[in-house]
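K.L.:
Residue numbers (the working numbering), protein chains in the order written: chain A, 1 to 281; chain B, 1 to 281.
Just so you know, the hints here were simulated from the structure itself, not pulled from any lab data.
Some hints could be false.
Because identical chains share one entry, a pair is satisfied inside a single copy or across any pair of copies.
List of simulated lysine to any residue pairs, SDA-like, C-alpha gap at most 25 Å [said to hold, decoys possible]:
1. K119 - E16
2. K83 - D180
3. K22 - A12
4. K149 - V214
5. K158 - V171
6. K83 - A104
7. K22 - N102
8. K2 - R18
9. K158 - H65
Keep in mind it's a predicted model, so treat the numbers as computed, not measured.
Protein chains: 2
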Amino acid sequence: MKVIRHPDEMRAWSYERRAEGKSVGLVPTMGAFHGGHISLMEACAERDAVSVVSIFVNPAQFAPHEDFDSYPRTFESDCAAAKALGMDAVYAPPASALYAENYATYVEVERLQEGLCGKTRPHFFRGVATVVVKLFNAVVPDRAYFGEKDGQQAAIIKRMTRDLDFGIDIVTLPTVRDADGMAASSRNAYLDAEGRELGLALSRALFGARELMVQGECDARRVVRMVKEGLADVEVDYVALVDADELNPLMRVEGNVLLAAAVTVGDTRLIDNIRYEVGES
Amino acid sequence: MKVIRHPDEMRAWSYERRAEGKSVGLVPTMGAFHGGHISLMEACAERDAVSVVSIFVNPAQFAPHEDFDSYPRTFESDCAAAKALGMDAVYAPPASALYAENYATYVEVERLQEGLCGKTRPHFFRGVATVVVKLFNAVVPDRAYFGEKDGQQAAIIKRMTRDLDFGIDIVTLPTVRDADGMAASSRNAYLDAEGRELGLALSRALFGARELMVQGECDARRVVRMVKEGLADVEVDYVALVDADELNPLMRVEGNVLLAAAVTVGDTRLIDNIRYEVGES
């Protein structure tokens, strides 16, 4: 397995593989692998002739007061896991290779970047969209794999990929959960036992609300209220029921919906979501 | 010569050429070819194994009150010229193929997009940067060719290409001028004989100021004032002396400078610029 540190080297390597007629898959990550990353890499290694995982903790998507410095970095064990899963290359550039002096260019996905997590993290999604464009331009993949746990991000990346004519197939895979229901996240490592117990309220509340919708509840405010009641013991950033494509708030539960929430437990911000299509059981 | 109407078809065609080991060159245009476009296409056809010219009047870079509807469209004669110059493909998508329903994604090049033409055309350069990203993603070129007449645009495209890790070589070529000194522009077709005579003040004033700098004038305000005096009979949008890379206004003439101006003659907006490196004669 090759470790590549510069976008030019990455692109040259990838074009060589493409010239051999091989499809290239990309799993973009910030490292600190958990079950979600594993499921994405497994899908990529199975489907694409050549599979690349990028590991880059992207400074452009952290605000100054956020956890860029303390974000878990486990590069050696991540590489071992990637190799064991059959990945062909790890793309792990230093920040200086991606953000040169006088860096000036940002990609904005209007409307979709503004609600949900975008309200309290106003520059987050432009940082995400920008770095994904940069990863796409270095890796030149046929397909890229994202987890549904980052539901707003998945919607934004899909729209950006379509809008900018990338011709890349965006594959999203279901959220991987621990046995207790908590969505796998690198930030779960921040939680102690008490924090974990408190944080579990998030997935419990979302799945409780899903059951309410399955039983026929159509009033979005009632669904949101039920989630909020389940989050009484943690600090709630938002709970929102939106349409799954445009991320507009809904008054009624109809079509494909995304029920998403963010909470803070101690200093740890946790997000989770469920998708629900009316009529599903 | 092939005419291609859709980004997916364009990308597939281009990847086939690349797989044959051929370099791909792109000349992005809005059509209505003049001597400037010709010089770009000649350079592309000579240097790249496969040469593509795009013709697309990009709605995202026009404000509602601007000349999108009346912008000259001469597709048949443009294609004949491209063919005669040895271009291999014309990429001419309809607007509906590039801006689908719920289009949301824009590329911003901060700082560089704000001054000069960006002041009176606040959404112009994000429209330009966005469509160039889209053209790059459809044509997947090794090299792309731009004219120096659009000096701010050239600086923005170079920065954007570097920042987003495109790995595309941006070639800029000198402004092509008519015998009387006027910079070639598709919008010159809007001018009657009187308008043309008035518009000539623009290139005359810039070259007069260049002579002043050659003679050793170091005070940027004096250079700008001299240009403005030469533009007494037309409506001046701006005259600015900036550094050629970051486009910051300069107090003193030093290093590589861009002296740029925009005027309006009747309803026609004209731009022109010269580059000057201190010590040149």
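K.L.:
Against which earlier hints does the structure fall short, listed by number upward?
P.N.:
Structure breaks hints 1, 2, 6, 7 and 9.
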